[in-house]
Amino acid sequence: MRGLLRSSSLRLAALYGAAFTLAVAALGAITLLTARAALGRVLDQRIASESASLAQEYRTEGLTGVVQAVQERDRTPGALDYGLRGPSGRPMAGRLDGMTAPTGWSVFAGPGRRGEDTERIRVLTTTLPGGYRLLVGDDLERIEALDDALFRRFGAALLAIGLLGVAGGWALARGMSRRIGEITGTAEAIIDGDLSRRVPPAVGGDDLGRLAGAFNRMLDRIQALMESLRQVSNDIAHDLRTPLTRLRGRLEATLAEPVGPAQGAAIEAALADLDAILSTFAALLRIAQIESGARRAGFRTVDLVDIARTVTEAFAPSAEDAGQSLALQVAEPVPIEGDRELLIQMLANLVENSLRHAGQGARVVVSCGEVEGRARLSVADDGPGVPSAERARLFDRFHRLEASRSTPGSGLGLALVAAVARLHGAEATLEDAAPGLEALVVFPRSANIATSQSIGHSLARLERQEARP
Amino acid sequence: MKLLLVEDDAETNAWLKRALSEAGHTVDLASAGRDGLLLAAGEPYDVIILDRMLPQVDGLTILRTIRAAKVKTPVLLLTAMGGIDDRVEGLEAGGDDYLVKPFAFTELLARVNALARRPPPQDTPTRLQVADLEMDLLKRAVSRGGEKIELQPREFQLLEYLMRNAERVVTRTMLLESVWDFHFDPRTNIVETHISRLRAKLARRGAPELIQTVRGAGYCLRAS
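Protein chains in written order, with this note's numbering: chain A, 1 to 469; chain B, 470 to 693.
Certain hints may be false.
Said to hold, decoys possible - Here chain B is said to cover these stretches of chain A; the calculated rule only asks that three of the stretch's residues, wherever they fall, bring their Cβ under 8 Å from a Cβ of chain B:
| # | region |
| --- | --- |
| 1 | 26-39 |
| 2 | 53-63 |
| 3 | 135-146 |
| 4 | 304-316 |
| 5 | 388-394 |
Claimed, not checked - Calculated cross-link-like contacts (lysine to any residue; reagent style SDA-like; alpha-carbon spacing at most 25 Å):
| # | chain 1 | residue 1 | chain 2 | residue 2 |
| --- | --- | --- | --- | --- |
| 6 | B | K608 | B | A585 |
| 7 | B | K486 | A | A253 |
| 8 | B | K486 | A | D275 |
| 9 | B | K670 | A | L278 |
| 10 | B | K486 | A | L240 |
| 11 | B | K486 | A | T242 |
| 12 | B | K541 | B | V496 |
| 13 | B | K471 | A | V259 |
| 14 | B | K486 | A | L244 |
| 15 | B | K486 | A | D239 |
| 16 | B | K486 | A | L247 |
| 17 | B | K608 | B | E629 |
| 18 | B | K670 | A | R309 |
| 19 | B | K608 | A | R309 |
| 20 | B | K486 | B | P543 |
| 21 | B | K670 | A | E320 |
| 22 | B | K608 | A | D306 |
| 23 | B | K471 | A | P384 |
| 24 | B | K471 | B | E491 |
| 25 | B | K670 | A | T310 |
| 26 | B | K486 | A | P243 |
| 27 | B | K608 | A | E257 |
| 28 | B | K486 | A | G385 |
| 29 | B | K541 | B | E616 |
| 30 | B | K486 | A | E252 |
| 31 | B | K486 | A | L278 |
| 32 | B | K539 | B | T575 |
| 33 | B | K486 | A | T310 |
| 34 | B | K617 | B | M632 |
| 35 | B | K486 | A | E257 |
| 36 | B | K486 | A | P258 |
| 37 | B | K539 | B | A501 |
| 38 | B | K541 | B | S500 |
| 39 | B | K486 | A | D321 |
It is worth saying that the hints were derived from the structure and are not from the lab.
Glycine included, every Cβ here is placed at the ideal spot set by N, Cα and C.
Chain A extracted, bound-state conformation (with noise of 0.2 Å):
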């Protein structure tokens, strides 16, 4: 209801409806103008052909056939009102008798016909032979009744048209929301991953449809890009994993003969750069895999106070033997839908990362909790911290600080991290601890499930542990 209120397709249908309902209403307006002129005219020539019809009277019948002739019109049901006044004013036959109005056509308010209300009348005077003035004239009531009805006419069906508009509008929005949904649910759940997901096919080949079908095909080269580009890394490291177990072997292998210490120490040094390439690369692997979130599918109920203490207990003893502390601040358990692998190898990294970059003395502090609703997780720390210009990039893969160029790592730990959050749905961020640094992931609330549940899953867990040799 709110999404279909914000949706601009009902904003569009209001505005056409309005559009519609002015044009209407113009139309209405220029018809009534039109038929009241018309009737206007009709019966200014029907007091004109009257009034030209008594003079003539007078001038053939004289004054006592015009006064006979006003007096039998005045008792004529539906005829018109006259009025006959001497050269001197004095009033002589008709109704209007009692009125003074200039010669010419004139309106004037006058007592009903019958008597009780008063009417504008439209009148036309003439002057005849000898100063006899002749008034002809009718109420406007006709015209006026005119304009009632078309009013009335016209505000029904302008009021018919208005919801007739909204409704329209209404279920236009409706059908067009539902259609752009569709699309709009596809694009996210492609962002999540899911790059299956494909808009349903329209009935017809309207616009949306199209739109519809190129959007599809659209994803479909995305994914044969996507599937193209998982193939390559694929093959890099299945290609490259014979030559290299090759070469680890060769270099094992040399290493068991008799070499001199030199020679030993080359080998030994070459084995370990060796391993540290492999490592980096394997970190790459392993975002790009995770960040093509075909591991989601293995998702399950995992405790984040239980991830927290598991890397704390880890780190904690190399934290303080470094001259450094590392605490846990929780308290209820934290449920979430995630990969307790990958979040475990995630806040390792975030303590890590703490851990070398505080210095001597520091002191880190891992937390989870709920706020409004929303898991998260901090890693906190009171070191020298980075300028927040430097902050959101420390995500990108291989950025590392200028200051941290010289200490052993491979810029890959907090790409990792922003890869897994990513996955999780969750927001990772490195905020100003004043003084320090703290990093932060904030899970999204639907992540979040009941605690029974959880409480469930961590005894299935249990269970599988237990039964393990």
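With chain A fixed as given, assemble chain B onto it according to the hints.
Using the frame of chain A, we list chain B on its own:
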């Protein structure tokens, strides 16, 4: 021990066979999946080392086939780099352990040894003993020479793994995987610090050092 190595690269085969033989094992080679399948199903081996990527029949198919034929020989899978799902797939297909290629020979040897003497699953002891070191798995208690030793849960797990694999070399990676569930290589010396703390707790005046460092390979808990 009698081992079967199923791997298609001739040079790697030759090198591994020589090195494994030098370590005292008998090695049969199969360079194609079909040969590997026939040997694995027909001969009794202590451990099968199986490459996942093989011409003709791939490693996982072989594994599923021999498991379906009730062959219970422990299988060590060799997988490619970066394959984060390979391990899970391999274990689900009936593999017992996995190793990412390229690997250090000491790592392979340690894992083969650990697999070969793994006790049958139903045979779960409640007590472990190495020299004067005793571990009660039910009471979660450890003592040396009758003297109680307080251990953190993780130290207990570490010692348990070492005691279960007593007299055998266990590598740093094996410890990371089984004790901490770390399936990656942290750059921090986690294993070293934990081992040194454990050593300090196990140390008794005049008693020999039980946890020995095997240079370039890992650690070994030895009675003497």
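Checked hints:
no.	hint	result
1	26-39	violated (count 0)
2	53-63	violated (count 0)
3	135-146	violated (count 0)
4	304-316	holds (count 4)
5	388-394	violated (count 0)
6	B/K608 with B/A585	28 Å, violated
7	B/K486 with A/A253	12 Å, holds
8	B/K486 with A/D275	22 Å, holds
9	B/K670 with A/L278	36 Å, violated
10	B/K486 with A/L240	21 Å, holds
11	B/K486 with A/T242	16 Å, holds
12	B/K541 with B/V496	18 Å, holds
13	B/K471 with A/V259	30 Å, violated
14	B/K486 with A/L244	18 Å, holds
15	B/K486 with A/D239	22 Å, holds
16	B/K486 with A/L247	16 Å, holds
17	B/K608 with B/E629	13 Å, holds
18	B/K670 with A/R309	22 Å, holds
19	B/K608 with A/R309	23 Å, holds
20	B/K486 with B/P543	18 Å, holds
21	B/K670 with A/E320	17 Å, holds
22	B/K608 with A/D306	23 Å, holds
23	B/K471 with A/P384	57 Å, violated
24	B/K471 with B/E491	13 Å, holds
25	B/K670 with A/T310	21 Å, holds
26	B/K486 with A/P243	17 Å, holds
27	B/K608 with A/E257	48 Å, violated
28	B/K486 with A/G385	52 Å, violated
29	B/K541 with B/E616	40 Å, violated
30	B/K486 with A/E252	14 Å, holds
31	B/K486 with A/L278	23 Å, holds
32	B/K539 with B/T575	30 Å, violated
33	B/K486 with A/T310	39 Å, violated
34	B/K617 with B/M632	17 Å, holds
35	B/K486 with A/E257	16 Å, holds
36	B/K486 with A/P258	20 Å, holds
37	B/K539 with B/A501	22 Å, holds
38	B/K541 with B/S500	22 Å, holds
39	B/K486 with A/D321	42 Å, violated
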